[in-house]
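Sequence order for the protein chains is A and B. Here the first sequence is numbered in the working numbering, starting from 1 and rising by one per residue. Here the second sequence is numbered in the working numbering, starting from 1 and rising by one per residue.
Everything labelled a hint here was simulated from the structure, so no lab data went into it. The beta-carbon is built from N, C-alpha and C at its ideal position, and this holds for glycine as well. Treat the hints with caution; some may be incorrect.
[What the hints assert, rightly or not] Among the chain B residues that face chain A by a calculated CB cut under 7 Å, a handful are:
id: 1; residue: P40
id: 2; residue: P44
id: 3; residue: F46
id: 4; residue: F62
id: 5; residue: F101
id: 6; residue: T103
id: 7; residue: S106
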Amino acid sequence: GAGVSQTPSNKVTEKGKYVELRCDPISGHTALYWYRQSLGQGPEFLIYFQGTGAADDSGLPNDRFFAVRPEGSVSTLKIQRTERGDSAVYLCASSSGTGDGGELFFGEGSRLTVL
Amino acid sequence: DQQVKQNSPSLSVQEGRISILNCDYTNSMFDYFLWYKKYPAEGPTFLISISSIKDKNEDGRFTVFLNKSAKHLSLHIVPSQPGDSAVYFCAASASGNQFYFGTGTSLTVIP
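Modelling step: build the complete structure from the supplied sequences, incorporating the hints.
Given below as structure tokens:
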């Protein structure tokens, strides 16, 4: 596609449930990022992939969060045993390489609400 | 620990005047800086960037200034237009990997 695509756009779930959020980056972009944005805050880094491997996962808040990118394209962010504090907009971005000289292209986000 | 700070949550400017959005950072290793613009219910869109080897970068109505000694950057929009009304985020990275974002400044351009 022309841009970064994220599905679902909205997800409402109950506390304790498992959630998967999908990101389809711009074709050919090797770098993929997941961010989380809470109300009134800026995007908070979660994890960064270069190709298939997670180059930096230092932003994942705890072991309930996990992300994969098995073929170096589509990525899935997985959240186990969701908590109300996980409610946020989850943003995915891709870029053509390392950030220096290449900006991030963001999707529209997946809004997660945990009841 | 907020490494990138935007201390003004909101700014209102008259159409045609200059808008100045400010950003401060704490990490001296940051060497690449970007500004993003965000409309409601959309993802952030890239606006302009600057690397640490420069102190100014201009693109049309948008100019970014970098003061490395003060660890400060600013975005100037002139002349401001109503369509510029949005939330503006600055972001910084060291060696182009993880990007740190500020909390954003909501700009309102009054017609």
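Outcome of the hint check:
Restraint check, B:P40 versus chain A: the minimum CB separation of about 11 Å is more than 7 Å; hint violated. For B:P44, the interface hint holds, since its Cβ comes within 7 Å of a Cβ in chain A; the closest pair sits about 5 Å apart. The criterion of a C-beta within 7 Å of any C-beta in chain A is met by B:F46, whose closest approach is roughly 4 Å, and the hint holds. At its closest, the beta carbon of B:F62 sits 14 Å from a beta carbon of chain A; the interface hint therefore is violated under the 7 Å criterion.
With 7 Å as the threshold, the beta carbon of B:F101 comes within range of chain A, its nearest partner Cβ sitting at about 4 Å, so the hint holds. A least Cβ separation of about 5 Å between B:T103 and chain A falls short of the 7 Å threshold, and the interface hint therefore holds. Taking 7 Å as the C-beta cut-off, the interface hint given for B:S106 is violated, the closest approach to chain A being about 10 Å.
Comparing the model with each earlier hint shows violations of hints 1, 4 and 7; every other hint is respected.
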